[in-house]
Structures are given as C-alpha cells and as structure tokens.
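Colleague: Could you put the whole structure together from the sequences, leaning on the hints where they help?
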Amino acid sequence: GAVVSQHPSRVICKSGTSVKIECRSLDFQATTMFWYRQFPKQSLMLMATSNEGSKATYEQGVEKDKFLINHASLTLSTLTVTSAHPEDSSFYICSARDYGQLNTEAFFGQGTRLTVV
Amino acid sequence: LAKTTQPISMDSYEGQEVNITCSHNNIATNDYITWYQQFPSQGPRFIIQGYKTKVTNEVASLFIPADRKSSTLSLPRVSLSDTAVYYCLVGANQAGTALIFGKGTTLSVSS
Numbered sequence: 001g002a003v004v005s006q007h008p009s010r011v012i013c014k015s016g017t018s019v020k021i022e023c024r025s026l027d028f029q030a031t032t033m034f035w036y037r038q039f040p041k042q043s044l045m046l047m048a049t050s051n052e053g054s055k056a057t058y059e060q061g062v063e064k065d066k067f068l069i070n071h072a073s074l075t076l077s078t079l080t081v082t083s084a085h086p087e088d089s090s091f092y093i094c095s096a097r098d099y100g101q102l103n104t105e106a107f108f109g110q111g112t113r114l115t116v117v
Numbered sequence: 001l002a003k004t005t006q007p008i009s010m011d012s013y014e015g016q017e018v019n020i021t022c023s024h025n026n027i028a029t030n031d032y033i034t035w036y037q038q039f040p041s042q043g044p045r046f047i048i049q050g051y052k053t054k055v056t057n058e059v060a061s062l063f064i065p066a067d068r069k070s071s072t073l074s075l076p077r078v079s080l081s082d083t084a085v086y087y088c089l090v091g092a093n094q095a096g097t098a099l100i101f102g103k104g105t106t107l108s109v110s111s
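Respectively, the protein sequence lines represent chains E and L. Under my numbering, the first residue of the first sequence is numbered 1, with each subsequent residue one higher. Under my numbering, the first residue of the second sequence is numbered 1, with each subsequent residue one higher.
Hints in this document: simulated from the structure, not taken from any laboratory. The reader is advised that the hints may include incorrect statements.
Label pairs and their computed distance ranges (CB to CB) [said to hold, decoys possible]: (1) L:S110 / E:Q42: 36 to 42 Å; (2) E:C13 / L:P40: 30 to 36 Å; (3) L:A66 / E:I12: 48 to 54 Å; (4) L:F63 / E:K14: 48 to 54 Å; (5) L:T106 / E:E63: 28 to 34 Å; (6) E:P86 / L:A66: 49 to 55 Å; (7) E:L26 / L:F63: 30 to 36 Å; (8) E:I12 / L:A28: 40 to 46 Å; (9) E:G16 / L:S9: 35 to 41 Å; (10) L:P76 / E:V3: 34 to 40 Å; (11) L:T29 / E:A72: 35 to 41 Å; (12) E:S54 / L:E58: 34 to 40 Å; (13) L:F39 / E:Q60: 26 to 32 Å; (14) L:F63 / E:K41: 40 to 46 Å.
In silico SDA-like cross-links for lysine to any residue, where the CA-CA straight-line distance does not exceed 20 Å [stated by the list, open to error]: (15) L:K54 / L:P40; (16) L:K103 / E:N51; (17) E:K55 / L:G96; (18) L:K3 / E:M45; (19) L:K3 / E:E59; (20) E:K20 / L:Q42; (21) L:K52 / E:T104; (22) E:K20 / L:S41; (23) E:K41 / L:K54; (24) E:K14 / E:D65.
Pulled a few chain L residues facing chain E out of the computed Cβ check, cut under 10 Å [as the list claims (entries may be wrong)]: (25) S41; (26) G96; (27) F101.
These numbers were taken from a predicted model, which means no experiment stands behind them. Even glycine gets a Cβ: it sits at the ideal position worked out from N, Cα and C.
Modeller: See below:
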C-alpha cells in the first residue's frame with residue numbers, strides 16, 4: 001500500500017539552531033501534504049497545509065516564519081523549525097493522500113520526535 | 001469538518017470484543033466516517049472507513065445507523081497489541097482536505 005516516509009525519526013538540537021524534517025510519499029504523488037504537531041498525551045494538531053509549487057497555508061497561531069514549509073516536488077515536503085527553542089520540542093507528523101485515488105485514506109509518516117535542549 | 005465526541009478512555013481484557021462509539025450529530029451528506037489507530041510515538045494508521053450501514057475488513061467492523069449521527073467501531077477479540085488511541089474522524093474524503101483530530105479514545109487492553 002501507499003507509504004509516507006518521514007525523516008529523521010528523532011532529533012536532538014540545541015536552542016537557536018534549525019532542524020529540517022522531510023516527508024516523502026514513496027509510491028504516489030501528493031499535491032498536498034499536511035503537517036501536524038502532537039504534544040504528550042494530546043491529540044494531533046494541524047499546523048499547516050503544504051501545497052506543491054505554492055505557499056503553505058498555516059493554521060491560526062502557527063508562526064510561518066518559524067515553521068518553514070517547502071513543497072518542491074509532488075513527493076517531497078519539508079518542515080524546517082527555525083531558531084528552535086525548548087517549547088518547540090514535540091512530535092511532528094506529516095500526512096498525505098493519493099490524488100490519483102478517490103475516497104482514499106490519509107497516510108501518515110512515522111513521526112519525528114524533536115527535542116530542543 | 002463535523003465535530004465528533006467519543007469516550008476518553010476504555011479498558012478491556014484480551015479476547016473480548018470492544019465497541020467504541022462516536023457521536024457526530026452534524027455530519028454532512030458528503031461526509032465519510034473514518035477511524036484511525038495510533039500507537040505511542042508513531043503516526044496514525046487507517047483502520048476502517050464507511051458511509052452508511054456496515055463495513056467490515058480484516059481488522060474491524062464499522063456500524064453506522066441510518067441517521068449517520070453516530071458510528072461504532074468494533075474490534076473483535078482484542079489483544080494486548082490493540083492498546084492504542086483510536087480516533088473517529090468525519091469529513092469529506094478529498095485529497096486536499098486536512099483531517100482534524102479530536103481527543104480520541106485511549107483503549108487499554110489487559111491480560
């Protein structure tokens with residue numbers, strides 16, 4: 001079945017540095033991908049919608065200059081957490097659906113555990 | 001997307017059938033009902049999806065009454081590995097539409 005691959009699975013970085021997370025759709029094209037953030041014991045919170053070839057759409061309260069999204073191809077979206085701070089420590093998850101299929105489920109990456117120290 | 005309400009948590013024992021009910025009173029005509037499962041430190045995984053009546057796959061069954069204002073996910077003979085958070089989502093099934101997650105139901109299966 002369709003697979004969404006996310007990398008890295010976990011990363012530890014120092015405060016003030018930037019971290020890039022990649023999300024790839026391995027066997028289908030995804031014009032749109034979605035980025036979520038999940039804090040411990042909480043549900044997934046939609047951060048932004050990544051659109052291939054155009055600007056991402058951010059949810060209210062999500063800083064677009066802090067969470068840079070690039071969707072340069074139909075199979076790759078990247079989320080860069082810039083100038084990371086400890087409060088950015090969280091579990092980041094990407095998602096995509098196969099545009100070539102009707103009524104298809106959403107596929108999720110394995111998630112990236114970000115720890116900012 | 002239609003708002004959903006489901007129990008925060010449920011407990012069960014191995015071998016039992018577990019039924020998790022989700023309320024979605026404001027479901028729209030074009031909305032589908034989809035359930036996802038999430039294990040700790042993993043992305044959610046699709047379980048089952050339906051529009052009306054009953055849907056069954058190798059993992060679960062989904063029961064949807066005629067008014068579609070609720071749905072029940074049925075997990076037959078659960079095992080310890082079914083311990084996870086289960087999310088009920090309702091909405092249009094379009095590739096460009098984001099899924100909005102509610103709190104989900106934490107299912108704990110004991111031996």
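Colleague: Now look at each hint and say whether the structure bears it out.
Modeller: Hints, verified against the model:
Taken as a hint, the range 36 to 42 Å is violated for the pair S110 (chain L) and Q42 (chain E), whose Cβ atoms sit roughly 24 Å apart. The given range of 30 to 36 Å is broken by C13 (chain E) and P40 (chain L), whose C-beta atoms sit roughly 22 Å from each other. Checked against the given bound of 48 to 54 Å, the beta carbons of A66 (chain L) and I12 (chain E), roughly 52 Å apart, stay inside it. Here the CB-CB span from F63 (chain L) to K14 (chain E) is close to 51 Å, well matched to the stated 48 to 54 Å.
For the pair T106 (chain L) and E63 (chain E), the supplied restraint of 28 to 34 Å holds, since their beta-carbon distance comes to about 30 Å. Between P86 (chain E) and A66 (chain L) the Cβ separation comes to about 51 Å, which falls inside the hinted range of 49 to 55 Å. Distance hint check for L26 (chain E) and F63 (chain L): the Cβ-Cβ separation is about 33 Å, which falls inside the suggested range of 30 to 36 Å. In this structure the supplied range 40 to 46 Å holds for I12 (chain E) paired with A28 (chain L), their Cβ-Cβ distance being about 43 Å.
At about 39 Å, the beta-carbon gap between G16 (chain E) and S9 (chain L) stays in the expected band of 35 to 41 Å. One distance hint, 34 to 40 Å for the beta-carbon pair P76 (chain L) and V3 (chain E), is violated here, with the actual separation near 27 Å. The hinted range of 35 to 41 Å is satisfied by T29 (chain L) and A72 (chain E), whose Cβ atoms lie roughly 37 Å apart. Between S54 (chain E) and E58 (chain L) the Cβ separation comes to about 39 Å, which falls inside the hinted range of 34 to 40 Å.
Between F39 (chain L) and Q60 (chain E) the CB atoms are about 29 Å apart, so this pair conforms to the stated range of 26 to 32 Å. The supplied range of 40 to 46 Å is broken by F63 (chain L) and K41 (chain E), whose beta-carbon atoms lie about 29 Å from each other. Note on K54 (chain L) and P40 (chain L): the hinted pairing is violated, with a Cα-Cα distance of about 29 Å set against a maximum of 20 Å. Note on K103 (chain L) and N51 (chain E): the hinted pairing is violated, with a Cα-Cα distance of about 27 Å set against a maximum of 20 Å.
The suggested pairing of K55 (chain E) with G96 (chain L) holds, with an alpha-carbon distance near 14 Å, which does not exceed 20 Å. Of the pairs offered as hints, the one joining K3 (chain L) and M45 (chain E) holds, with about 14 Å between alpha carbons and a cut-off of 20 Å not exceeded. For the proposed pair K3 (chain L) and E59 (chain E), the alpha carbon gap of about 18 Å is at most 20 Å, so the pair holds. Among the hinted pairs, K20 (chain E) with Q42 (chain L) is consistent with the structure: their alpha-carbon atoms are about 19 Å apart, no more than 20 Å.
Between K52 (chain L) and T104 (chain E), the direct Cα distance comes to roughly 16 Å. Compliance with the 20 Å bound is thereby established for this hinted pair. Between K20 (chain E) and S41 (chain L), the direct Cα distance comes to roughly 19 Å. Compliance with the 20 Å bound is thereby established for this hinted pair. As the CA atoms of K41 (chain E) and K54 (chain L) are separated by approximately 31 Å, the hinted pair breaks the 20 Å bound. Restraint check: the Cα-Cα separation between K14 (chain E) and D65 (chain E) comes to about 19 Å, which is no more than 20 Å; the hinted pair holds.
Given hint, S41 (chain L) at the interface with chain E, holds; its Cβ is 6 Å from that chain's nearest Cβ, closer than 10 Å. At about 5 Å, the closest approach between the beta carbon of G96 (chain L) and any beta carbon in chain E falls short of 10 Å, and the interface hint on this residue holds. Interface hint status for F101 (chain L): upheld, as the beta-carbon distance to the closest one in chain E is roughly 4 Å, under 10 Å.
When each numbered hint is compared with the structure, violations occur for hints 1, 2, 10, 14, 15, 16, 23.
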